[in-house]
Structure formats: C-alpha cells, structure tokens
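There are 2 protein chains.
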Amino acid sequence: MNQWVYLFSEGSKEQKDLLGGKGANLAEMTKLGLPVPRGFTVTTEACLYYLNQGNQLTDEMKMQVITAVKKLADQTGKTFNDAKNPLLVSVRSGSKFSMPGMMDTVLNLGLNDQTVEVLAKNSQNPRFAYDCYRRLLQMFGNVVMGMETADFEKKITALKKAHGLAYDNELTALHWQQIVNEYKELYRKKMNREFPQDPIEQLYLAIEAVFNSWNNSRAKTYRRLHDISDDLGTAVNIQEMVFGNFGETSGTGVVFSRNPSLGDRGLFGEYLINAQGEDVVAGIRTPKPIQVLAEELPEQFQQLKMICEQLEHHYQDMQDVEFTIEREKLFILQTRNGKRTSKAALAILLDLHKEQIINEKELIQRIEAKDLAAALHPNFEEQALQKRVAFLSGLAASPGAATGAAYFSAESATEAKARGERVILVREETSPEDIEGIAVSEAVITSRGGMTSHAAVVARGMGICSVVGCEHLNVLNESRATVNEEMIEEGAILSVDGTSGKIYFGEIPMEEVTHTVALDELQAIWDQYSTIQVRANAETPRDIATGLALGATGIGLARTEHMFFEKNRLLQFRRLILADNLAERLDVLKELKTVQKQDFKFIYQASLGKATTIRLLDPPLHEFLPKSSDECREVATELGKTFNEVERKTENLAEVNPMLGFRGLRLGVVYPEIYQMQAEAIVEAAYEVMEETGTVIQPEIMIPFTIDATEFAHVRQSIEAAIITSLASKKDSLNYQIGTMIEMPRACFVADEIAQYADFFSFGTNDLTQMTLGLSRDDSPRIISEYLDAKILKDDPFQVLDEAGVGALMKLAIERGRQVNPQLKIGICGEAAAHPKSIAFLKDLAIDYISCSPFRIPQAKMSLAQAKVASL
Amino acid sequence: MNQWVYLFSEGSKEQKDLLGGKGANLAEMTKLGLPVPRGFTVTTEACLYYLNQGNQLTDEMKMQVITAVKKLADQTGKTFNDAKNPLLVSVRSGSKFSMPGMMDTVLNLGLNDQTVEVLAKNSQNPRFAYDCYRRLLQMFGNVVMGMETADFEKKITALKKAHGLAYDNELTALHWQQIVNEYKELYRKKMNREFPQDPIEQLYLAIEAVFNSWNNSRAKTYRRLHDISDDLGTAVNIQEMVFGNFGETSGTGVVFSRNPSLGDRGLFGEYLINAQGEDVVAGIRTPKPIQVLAEELPEQFQQLKMICEQLEHHYQDMQDVEFTIEREKLFILQTRNGKRTSKAALAILLDLHKEQIINEKELIQRIEAKDLAAALHPNFEEQALQKRVAFLSGLAASPGAATGAAYFSAESATEAKARGERVILVREETSPEDIEGIAVSEAVITSRGGMTSHAAVVARGMGICSVVGCEHLNVLNESRATVNEEMIEEGAILSVDGTSGKIYFGEIPMEEVTHTVALDELQAIWDQYSTIQVRANAETPRDIATGLALGATGIGLARTEHMFFEKNRLLQFRRLILADNLAERLDVLKELKTVQKQDFKFIYQASLGKATTIRLLDPPLHEFLPKSSDECREVATELGKTFNEVERKTENLAEVNPMLGFRGLRLGVVYPEIYQMQAEAIVEAAYEVMEETGTVIQPEIMIPFTIDATEFAHVRQSIEAAIITSLASKKDSLNYQIGTMIEMPRACFVADEIAQYADFFSFGTNDLTQMTLGLSRDDSPRIISEYLDAKILKDDPFQVLDEAGVGALMKLAIERGRQVNPQLKIGICGEAAAHPKSIAFLKDLAIDYISCSPFRIPQAKMSLAQAKVASL
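For the record, the sequence lines run as chains A and B. Each residue of the first sequence is one higher than the one before, counting from 1 in UniProt numbering. Each residue of the second sequence is one higher than the one before, counting from 1 in UniProt numbering.
Don't read these hints as lab results, they were simulated from the structure. Note that this is a predicted model, so its numbers are computed, not measured. It is possible that part of the hints are untrue.
[Stated by the list, open to error] Here are the simulated distance ranges between beta carbons: (1) K811/A / V670/B: 52 to 60 Å; (2) K811/A / E566/B: 44 to 52 Å; (3) K791/A / L582/B: 17 to 25 Å; (4) F391/A / L571/B: 35 to 43 Å; (5) S733/B / K791/A: 33 to 41 Å; (6) G146/A / V670/B: 38 to 46 Å; (7) T642/A / F391/B: 20 to 28 Å; (8) L571/B / E478/A: 50 to 58 Å; (9) V670/B / M510/A: 34 to 42 Å.
Beta carbons are placed, not taken as given, at the ideal position from N, Cα and C, and that holds for glycine.
One chain only, chain A, in its complex shape (with noise of 0.2 Å):
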C-alpha cells in the first residue's frame, strides 16, 4: 500500500521529491516546533499515479485523506461540519520548484451554508464570517471549476453601484450575504448543479484541480523554458485556517530575516494588521515595515525574529517567511530561501560564513557566478530596468552596463569623448584600427561576430560592457544605423546592458554601489581550494595592473599584434606586411624593434616579475589590410607607394578563410625575420629591465598555430639564433622558455612529438574550438543561437568549453604531452577556459594554470574553488 498523504509531523525538508518544497518546509518547521498551522500533504507520487490513471483520485487516496482529516481533528479539536467549532482549512499546490501557472490557493474550504453561520457567532462578525464564504466560492468558482473572476467581481460592483458605494469595506454583513446568494446562483447557472456544500466533496475537487493543473499549458511552457522535468508532480498542502483578519490583534505579513537588496543584518519586509494574506498583495491598503510592528505587537515581533534567526540557522540562509498573528497568537504559514540581489546574495554569503552558519566550503559552492560578475560592474537599477523593453538584443559579450550617445567610427567616437560625451561605439564589427574608439566608450556593440570576436576580446579585456552580433541591428554608414524599421541616428542615446545583451533607447539610472565586495577575503578562501592558478590575459599595463589586482598570479596571453593596433604603429605594420622584399621588411622591422622593445619593457614593469607569456605575431593578416579603395589610397600616401601597388598587394594577401591561412607561426616560416625581431626585442627588453630594476624577469617566448614537431624545433631554432646572437656573452644570466600553443586538432594528436621541443603548452580554445566544430568565431552566432533554439547545443561553445570534441582533444594533448616531458607545463588561454560550467571539466586535467580576461579572473578563480569543493 503505497502512502499517499503525510501529516506535516510526519515528512521533513529533505522530501522536497515526495512533498514538494513548501509541503517539505510546513512539515520541517511542525519538527522544529514552531507555531505552524497543523494539516497533511498529498504527494507527488499520488499526482503522478492520479494522471496516469485518467484523472481519477482512488478510493486508497480518498481514505487516506479522510484519515488525515480525522487526525487533523484531533490534533485541533475542529471537524468538518461541526455545529461549533468547523474545521475550515487551505489548499495550495506545492511541487519540487516553485513554479508559476500552478493552481492558486483556496482558502476557507469547509465554509457552506451552515458553518458560516457557525462562524459568524462564534466571531461573533457576521460580516467577516460571510466574506469568508464568498471568496470561499470565488476562489473555488475559479481555480478549481474554471469559472471567470470577471463574472464574480460584476455582482459585487453591480450591488456596490446600487447601493452608490464607492469601497469593499463599505459593504455590510447583509451585502455580502446577498452576494454569497448571488455566486451559489451564478454557480448553479454556470456549473449546471449546487455549489457542494460537502466539505469533503469540496476537498476532493480542490485536490484534483491541483493535480490537474500539472499540465494546464501553462505550466507546462514553464517547465519547459526552466528545463524541469515534466516526470514531478505536484503536491497538494491542506492546512488549517488562520485567520490576520480576526481585528486589531490579527494581522499578517511577509518578512525577510535580512535585506534582500543589500545584504544588511536585521528582519525586513512589511505587514498589515486586520488583513488577510490577499489583501497585502492588492495593494489596497498601505503596509508598514515590519520594524513597527515592534511597537504595535511587541511580544510577537520577538518571536517572529527569533523564529526568523532559527529559520535561517536551519536552513544555514536568509529566509522569505510569511506568518500571520490571529488574536495574537503568531502562525508562520511559509518559509523559503529569499530572492536577493547581486550585490546582497555575496555579502549575505560573507556574514553567514562570518557568523559561523556556513562554513568555508559552502560558502564557496553557495556564490553563483552570475552575482559576483555583477559585483564588480555596474548594473542598471533593476526596478527601472523592469519597466523598460529592449528594442534590440545580441550576444552578451563583455557585463556591465552603460549609458551614451551613438558614434559610428573610431573617429566620431573619439571626438565625441574629447567634447565630454559618454559615448557607445556602434560598428558593424571591429577591426585594429577601432581600438582606440573601443578605449574611449562606456560601451561597444557590434551588428557581427561571436563572443571571441576582436570587439568582444578587447572589450571584455579593458572591462568595457559590449553586446556583439546584434542580427537585427544594420549599420548603414559612419552615421546612422537602423533596427528593423528603426533609425538610430548619431548622438542617440542607447543604454547597453552587457550582462543581458539588451539594449534600449534613453537613459536607464544606475545602481547606487553603496557596498562594495570584499573580493580580497573571498579570493583568499578560493585560492586555499585550487593548485590551478589563474593569470590574465593581458598587454597593456593597464590591464595588466588590473589582472595583478584581481588576483592574477602572472600574465597567460600577451598577444603582440594588439600592440600594432594603435595609428601610428598600424602603419608600420601594413608597411611590414605590404614590403615587397626582405631589404625593405628588414628596415621596417629595425623600427618596430625599437617600438617593440619599449613594449615588452611596460610589460615587465607592470608584471613584476611575475611569470609573462608572450605570444609571438599571430595575425590573421586580413585584420590588418586596407578594407577599401579609399583605405588603399590612404595607405600609399602614407607609405609612399603607389595606389596600385598597395591595392594589388592587398588583394594577393587577401584570403578566403583568414582563420585557416596566412597565421601564427607560419609566418615565422615564410618571414624568420618578423619572428627573430620579436624574440630579439622580448630578450633584450627582459635584460635592461633585471638590469634596471634588479627583478629577476623570466619571458616566456609562446609560438602560436602550431601543426607539427618539425614546424615548432623550425621555428624554434631560429628564433633562438636570434636571441643566441643577440644576448651573446649576456645569454646565462637570463632564463627564457619557448613554447607553443596548441589550438590545432593535428597539434593535439602529434603533442608527444612537440613536447620534445616545447617548455610549455598553452591550449587557445578559441581556435581549437573553431577546428574541431567547424564553427568560426565571427560568423558563428547566428548559427548557434538557432541550435541553441532548436536544443541541438546546450552551449555556445565559444562561452562553455565543448567537452566531447575540444576537452576530448585536450585530454589526448595533456596525456601525449605529459607521457615525453612530465614536467610540461601546461596552461588554457582561450575564453571558454574560463566558464564555471567549462571548469568543473578543467580541474580534472592536469593543468597548471588557465588565462583569461582580467575581469575574469574572480570568477575563474571562484569556479576552480567550486570545482575542486564538489570533488571532495
């Protein structure tokens, strides 16, 4: 015989399965022994055996029911129908999540044409008693027959209108007996039969309503937009009344045990006296702050907020509680994890491990990646934020948020800022030469390319919010851009929230940061629970300052062509790759040295010694083309050659797929020159700055696109020609590494053999992701998003590592590697690496550290602890 129904005295909060969450907590608090209106649960599993056997509520759980209302009586001394003390009660749905679209409660059940009368004496309220019958048949009119609350509400407003009142309360006992005739009419009108007045018959129909419910198309839609399984059930909670509205002593309410905005210690919420439940959420009447409530029913307030301290030491949270005091004796009807903010849940989580109610690992599972990135950017006010539609959405690439005016080129941008403007690049995608607009705007938002795209790369390195691949938005020149039928004009102001990817027309207000995180004693915690460090990606000394800040134990990723993005040094670049012979690139390259050089010196000074990887030139070239005729014209004049000299040099350098073309260290094989410079300039600099300063620099030399053994020792030994030569009788005194990275799936497969040449291997998941799903980083998102829509990826691949291709493909690089040197170290710059979801897959390989954006790093650092807590 299976067990359909539990009293509350009988289940616990670990049976959130069986009785559902708020089933599980009723029953956890009647244990604890707090004031909790008696009554039993109804299971899941009879919901579920109910559906499957055609909706029909057996005999077995009719009796079970019948038995759990007998002992209800007992336990309160109220029976059905009882001609002095009626057992009234609640029916309310309770599956395993919350879950909008689930049947409503009903109140007052066990009311009819004579326990109402029974109530009213014993009240002695005649006018309360027949409220409580008439929402009785409202609420049971519609949640569990179907019947319009319109219908209702009309008898009520035709009588008030007859009677020229303007207010419910208005309404005498008599009128609302009058209605109470006017529903059971409108019942037995609509319904073809009598309102029961069998309180039994009552239950039975409020029970199979609940259970109906599960699978009323809304609820359904939920669960399947929330992902949650459509194999639960509902439970079904049957629960005493109590009434907030039995005078001055009653009331009710909903309370916080902390600030649910701020994180504060101390019960907040409000609360009404004489009001039921409804009434609070009607809005009718204004309720107070519960602190008042300290005035008006001291003794209760105590025992609400020691009852609120117990809550949360049990549940080891902050708790969403609502109670309700009947002639002053306090019941609590519910108790639940509360919502918060960002901003709250972290401090919460701090307080609660400082108070000593979770401990250091909870702490670290319990932070949610979500709120800490919200923690160290500004957001929109969320109340604001609410009542504004985005008028265009893209893929939210860098968080943050942001408030300007639209600029169209770099130029533009830049003026703007220079004239005191906020200013947001709008571009149909990035290039080297925004970088500079890129630095000068609160935010960047692109109509192309993914989430490794170069926008959302140099955004999210610099902290700047940006949403990239907006489809809808169409760039139509240097000043005007429209959205479906929409234009925006230059100037127009736009509000970019680089969390949500939305992004709405006018000014949306800020949040007020009025706390600020303690991230240093959080990251403290995380790194005791992690042998994986985390470094930065990183090549200004801006943002390596702001790496080193955040916790970067040394720089991953300091990519040299960024430093070619700047005007000037653009065009030493293009002169570079435009050189017709090596006379001609050798001479530039003798300029660019000087340049590079006083780079890697910024670096070096900004990473304080600290370990520095820097990746040799891995452009793909057409990112550094003229993009246009006029672009060419330009480019000549400025390097002296002819227009059709630059326009057929950049044609032959053109490529069909940059991504699989002229890159990484292929041009180390085609050019040695370009590559030797680059180590010549990362040696010599690493030299005069250990001789200027006295700290010991040791330059990690990375080569990138690696294919093969015999491509790296190639480039490898003439880059260390170069440095051999260049350093001469200097060269013991500095220690260099050379090593790759591996972002080719042939790389991962012939890793054993690189790793005879190799100091150290650095995973790009970005390219290595591209390779192995066939799936470029800039023409990617439309793509993905429908196969996202079509369940096809769970992932965009370029946020959340692809652990059955890519992580496959790591795994065998790891092992090969490892098996020729055990010492290799190994690290992964690629963005993905970053990504809770990607990390708890990267604790397990052995790695030694991953590289990402700087802003990334709390959270790569937060998720290697979470990771390594779930392993224990």
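Given chain A, put chain B in place with the hints provided.
Showing chain B alone in chain A's frame:
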C-alpha cells in the same frame, strides 16, 4: 681485419650497399659467366673509413689494393709496367644510387712513358697509343687533380691551328706525341710536380679522388635534393681496359633490351665501329642502329642479343647495357634497369608478366602511378618538351596536356570554342558560373586555389587538364593577364602540362598515341587483390559513365550543389538563398524540386542500379552569391528585386570564413524545407526509375558537415518525415539509407553517438584536413609550397592523407562507430584518399570503399592492390 677490396668474382647484385650499384652488377655479371672485363671494387666502407680518418688511405687498404692488382694480373696475364703486356685499367666511381656530381671515369690508367711505347708496338698503332696516353693525362689531370679541361683542349686547338688542321682525326701519331709532351709540361707547371709514372701511385691518387668526390658540393647538393643519406659512401671500380677503337673489328655501343619509348620487344640502341665510349657521347660521328651490327658483326650481335635476354630474365626488367667489342671479342661493361617512357613502362611490365619473367605480384608492385596517369591522358612529346622552358608553373591539379588559345572568361571561352578554336581558360579562380566555360576548354589555369579548389575538382572530374595556384599569374581583367613583366593577351597560344604543372608559350607537339594500355587486363588483376571497393565522385551522366567505364563499383559522392552551377539554375538557387521568407523559399523549392528530380533520374539511369550516394546541399553559400555590384544589379533585375535588397542580403550572407560558416546540415537545421525538398526528389526519382526500368535503386542520402549526434538525428528526422509523407503507401518498396559525412574533428570524437542514427559514414578528407591542420584549401598553396621547401611537410596534405592528424581522427571515428554498429558502412570521398601514399595507410582501416574522381579510379585500384601485395 676489414675486407676493403672485392674482386668482381667475389660479389653479387645484392651487395649494392657495399659495392655500389655498378660494382654489384659487374660482380653479378661476372658470376653469371658473362664476358666482363676483369677487375675489383674498393668498397663504400673503405670510402667512409677513409673520410673519417682524415682522408688518408690506410696501409691496410693499400695492401689490399696491391693484392687485388696482383690477382688481376694472374687473371689477365698483364701486370703494371710490364714491358710486354702492361696492365691498363679504368677507374670509375659507383655509389648505391646513380648520382651525378661524383667523380668521372679515368681510362687507360697504367700508361706512362714506358708502357705507351709497348702499347704502340703491341697495337701496331702508335697514333692510338699516344692518343690513349694523352687521354689519360687529360682525364687524370682534370678529374683526379682538378685541372681545367679547357687548358688541355687549348693545346690541341693550338696545334691544329699551327698545322692548319680542322679535326682531331687529322692529327697523326707524332702530333699526339707532341701533345703528350705539352700535357706533361702543363701538369708539371700547374701541379708543381711530375705526372706520376708509377701506375700504383696513379691508382692510389685516383681512388682517393673518387673518395673525396663523395663530399664535393655538387654531390652533397644532389643528395640533399634527393633525400639520399650522406652515410652511404661511394665504391671505386678498377677494371681491365678493353678498347673499342682497335680497328674495324672493334666497336662500342649502348643497347636497351626493349624499346624504351614504346615498350616493344627486341634490341634497341646504337653503336660505333672503331670507337671508344667517349666518341659516342661526343656525337662527332653518327652511330648506327644496333640492327646494323647483325650484318657487320653477326656473331657478336647474336651473342649480345642472348646476353641481353639473359640479363633481362635475371634482373626481371628491361636492361640498359653498355658493351665494347675489342677485335671481335664482346665485353659487357655495365648493365642496369633501363629508363623508359610511361607508356613503355606499362607495356613492358605487362609483357614481362605474359612472358612469365615476372609474376602477378611483381607486376602489381612495379607499376608506378605516374606511368598509369600518363597512360590515361594525352602528353606532350618528350623531346619537344625538353627543349622548352616554362614561363609559369603551379600545382599540377589534373593530369594531361593541351595547347590552345587563352581566354579569360567563361563567356569568351565558350564563344571561341563555338568559332572552332581550342581554348585554354585562364582565371584568377573559378566559381560555379564558370562551369560551362570549363567544359568547353582543353585546360584550365588559375592563379589562386589549391589541389581541392573549385577549378581543380571540376577539371579533374571532367578529365580536363588543369594547373592551379600559379602564384606569378596576375589576371588583370577579362582580356589579359601578366606573368611577372610578360603580358598574355586574349587569344595567346599556351601549352599546359597538367602532369608537371608547367605552362609554356606557343604550341608543343603531342605524343602520338600508338599504344593503348590494356587497362581492363590490369583492373581485373588489381580487383583480385583488394576488398576495398572504389566508387566515383560524379553527378553528371557523362562523369558517371566515365566512372563506371573506369571500373567504379558505384557512385560515392554525387554533389547536389554542383547541379546548380548551370546558369538558369544558378538564378533559381540565388532566388532561394536570397529569399526573404519561408513562402518565397517554398515557391522556389517547388520549381527546383522538378529540376532536381529529373537530375536524380538521370543519375539513377546512368548508374545502372549501382550504389549511389547523393549528398544534400553543402554550399559555403558565398560560392553562389553575386560577387560585385554589377552582378548584384543583374541578379536583382533577373529576380525582380531591388538592387538594394539584393545587395543588403548578399552582405548579410557574406561570411568572414565561409568554410567555417553556414554550410552543410546547418542549412538543414535552419531551413528544413530545403533538405526536405531534396530528400523527396531523391526518393521520388528513385521510385519512378524503378517503375520505368525495373532496376532496383537504393539511394544513399548523405548529410554533410555533422558535428553532433543530436544535430544529425534532428535533420534525419526532418527529412525522413518528408520522405514518408511524400512516398505515402509506396514507401515499403523503396530501400533508402541515410548517412553522414564525417569531416569535422568533433564528429570523429562523437562517432559512436552519431553511429546510433546513421546508416553509413563517409569521410570527407578535404574538410577534415582543412579543420585538423587549420589550413584552407583556397589559401594554402603558398603556405604548403613554403612548407615543402622547408621540409616541414613531406607532402601536400590535400594530396596525401595526413596520417598523424587526419588519419588518427579517422581511425578513432571508425573504431567508435563500429563499436556501436559493427555493420556500419564506411567510405572515404576526399581527393587525398586515392593517392598511392594514402592508400598504404587506408588499406589497414576497416573501410568499405573509397570514392574519387573518375579518372583517378584506375590509380586508386592499383594502389589498393599494391598496398595489399606489399602486406602479404
């Protein structure tokens, strides 16, 4: 004690490592009892020891040489310096592999001021004796001592001038005697010592000179270019002199045991009476055809013929034999396998097999791919070709040879063809629109793209000769191009060699095709040796017919997008991809379905019920987009859309990396109606052909670009639903399969999951190579050529399967796929699969078939058989 010296009678043909090729064959012929001038060989080991010991002959070596000379004296009855019968020898180098750059021959060694007189007396011909002596002086001075040949020749010229003579043969004995004196004087002056009169000293110096020549720069370069180890060393052959210039019963010649141009049986070669080998080479007298010898010296001719036959049987190959007749006595000076033309090579092997000189396995193993390819395609006349210098070269994309007039657009090519011209199509790169232009051309040349570019694939499919990726070709517009400074105007006559990748100005005569290879005979033999079938990549009835004629067991890849290359269809296809909404797409699809269905019917009719794999659309869409504003305008007019619409849509569809973009089944996910239309057309056409012809058709529907099992299942379900609806009640009578390309690294890792839904796998090695190596087929030619030059790559990975990366992925996918589904049918349809080097690897994989362009089928079958035989 090491044996540094071997008499000819001590060695054998297996000892090429020790005795060098020439020495081993001289020993072998000695062993066979053939009339070889007696002699001995100083070993390669002696050479290496010598070089390691500071270039000194050891006493041990010298002693062994002296011992060998004594034995030679015993055999010949001649000794050095003998007053009656002086021993004269030739000294020749001879390493394992024939190697230009090594020391030349020294003849007549042993002559000095005394023995020359004996020779004069014995021969009764002082002129001959002094001529021999002066030849020794000249050769010794030049090749042993490094003196200039010109300095010697000047003496002769001066003497002739002084006496008013024109030719050497006008010089008398006295003249030669004077020359000898002048040569000795020259030697004394240049070398600061006397010409050594001691034959032993002459011999030591000659041996040392041969040894030293192993390390001269010409030899080193040759070895590096031909991948020959520096550790082999060279042997030295010392052999009794025989003289073909001893009068009218002496002579010398070179003979092949069969015709090296055509392969016919019977001696082929030429000879000179009363001459030495040098005279034949010098070309002063015209040699006679060897058949004339049958009349001049019939006995010797018969003996030579029998020896050639004996050698051919013994070496199991056509021989290239040098002989000398000294006063009616025949001597064999050298034998080696003869060089031959491609056509001769096949004919000779088949004949050798028929004559039971070689068995089936030897026949299979000894056919070379280049010979087979040359036999299947037209070639330029070898001799004519050698006189020409190519002005341009590129990748040899499709074999064959052709001469014609250059045209730079498909239209002008088509028009010229209509006027009766033979046409060479010259383009920067080709696209689907060029397809008709290619079809009418004799050859296609492009300046961009690799072995798997559009031009290469289409030309190969059609059997049209093609050279692609000609870096120095600069196509300026539709009427001219430049190569470096040279202009090529429309109509210029070009000759294209698709086998070597070279292009020439003007016409080159074609080889006369007098022999056709008995391909059927060969195929029948090959087929017995392979369990792996060979299918054709083909979709036009013509290509399918070619494929079947060349032995295909089915169609492994019919590309449905190729069907949209034709001009009218291209327009429809553009309508499809430029459509704004589903309704518009469905509209186009309705029309396209009729067309496609007819295509498929043609395919089924042509493929005669053989297995036929049809791949659903796999465009990188950009191939089908308008390429310029003009084209956009044209398309707009044709489609009745506005220019702006077409331009905007084209821009939206443009991708940065189309190979990694919106391709393959991604199209089937986003626009299911397109794949559904194709699937319906495939099965409906199959059904109709079955009804019409009674042939059972079993279409294999292939889905490209899969990366995930869910993705594949999603698309499979979508097209299967359409098929079921489309065939309704007929469904039972048609067996179709639905499988997938495996061409992304990720697909290989999740092959076990995909195999749960797929009926077959077909590896696309082109895309798999692109992704695994991060190398675009369009952009790679330059990179690959640099990598081949730098010896980083051994082969172009688009021509020879990359085993370490691509091969490893295939292995993985096969293992995982078969794990789940042991019956899974597995094929390979990339270009690299058919390459002989790839097949050696592929044959060990558990695959069912490979599929390649029709003209590569014979080669693929041959390689499969060869790989099989090699493993027996």
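Hint-by-hint comparison with the structure:
no., hint, in the structure
1, K811/A / V670/B: 52 to 60 Å, "32 Å, violated"
2, K811/A / E566/B: 44 to 52 Å, "48 Å, holds"
3, K791/A / L582/B: 17 to 25 Å, "21 Å, holds"
4, F391/A / L571/B: 35 to 43 Å, "37 Å, holds"
5, S733/B / K791/A: 33 to 41 Å, "35 Å, holds"
6, G146/A / V670/B: 38 to 46 Å, "40 Å, holds"
7, T642/A / F391/B: 20 to 28 Å, "25 Å, holds"
8, L571/B / E478/A: 50 to 58 Å, "35 Å, violated"
9, V670/B / M510/A: 34 to 42 Å, "38 Å, holds"
In the structure shown, a violation is registered for the earlier hints numbered 1, 8, in ascending order.
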